[in-house]
Amino acid sequence: MAKESLRMLIKNAHLFGVAKDWNPGWLVVEGAKINLMGGGTPPDFPSGTFERILDARGSILLPGFIDIHVHGAMGQEAMDATPDALRKMAQFYAQHGVTGFLPSTWTAIGEATHKVIDVVKRMMGRVEKGASILGVHLEGPYLNPSRCGAQDVNLIRPAEEKELARFFDSDIVKLFALAPEFPENMSIIQECVRRGIVASVGHSAATYDQVGAAVKLGLRHATHTFNAMTAFGHRELGTVGAVMAYDEITCELICDNIHVHPGAQKILVDVKTPNGVVLVTDAIRGAGLPDGEHPIDNRVITVKDGVARLPDGTIAGSILTMERALKNVMAATGRPLHEIWQMSSLNSARQIGISAHKGSLEVDKDADLVLLDTDFNVKLTVVEGEIVFEA
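Position one of the sequence shown corresponds to residue 1 (the numbering used here), numbered consecutively onward.
You can take every hint at face value.
Quick list of in silico lysine to aspartate or glutamate cross-link-like pairs, EDC-like style, CA-CA up to 16 angstroms:
id : residue 1 : residue 2
1  : LYS162    : GLU111
2  : LYS33     : ASP364
3  : LYS162    : GLU184
4  : LYS11     : ASP21
Just so you know, the hints here were simulated from the structure itself, not pulled from any lab data.
Please put together the full structure from these sequences, using the hints given.
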């Protein structure tokens, strides 16, 4: 059971709001919500108003990070389909500023995926000393075998009506990655739109025209842009060129400087603008652990020198954390934090339909906060008014 939220004042912070940033700024948490906020010195509140007054001493105050594509950490993964795995993942993510996440599946047999959905459904919401579980992200199984990446090519398959019905009827799928070049997957996009699920092009060899046809049906997202999709060409744009060209599509980006070169990160943000990019980690069970070997289905991922690979050398997820992703993309793009912070929170919240109450520092929104020092180390994480991590 999560502890009760408290009444707290954070002052002397570099506070990043939607319209402007204040330095110094202050913010009041009451219960699970942001109650007041502003720039300069806070008002003279009566003595005893707050249970906690925190002097940020110039630290950066942002909305808590929202990671909508993440598989695991600390030796655990969503595919383990246990409450303990999700709990440990949520607690690790909170230590890195994440206040909400979508446990993400790998391509697997149907029953394995259904087990994940069942346990996520039981664990939805706040996790003790951890980030909130916001739903589930299905990465597959309806992908293109030629662009399988780290997905098990033997388990990628055509859509099957009965299996799909169980996925959809769970009512907790928020993001669904698929390859739109297969005609049977186009109806999945339509059903996603009908149910308020975000359909994403991922692990795909779709052409510009095929992506365009999917956009007309409601496709609005791209899974780990550049990775496991056909590259950009000036005559045949490929999947990469298509997702960059269509304004309707918001692009995920893994900013570990391994999956995507910093120069390509800059190009994507310049083309899509900071409104059109979502930072994700795609982290696996090796995140937070020393280099070593970690199981994935019947295979092994080896993490060495910060890079996760299958035995054949294929990059297989990451050990990235969200605060590092934000720091890396800031360096890659040369853009100031007030332009790009939304890529770590608000854009994700908008994509999965929760921006009315999460994703930005605004009065009456959930008090999901992260306090960072100037080197982007996490000092404090607050989830719906509860301090879940403090360095």
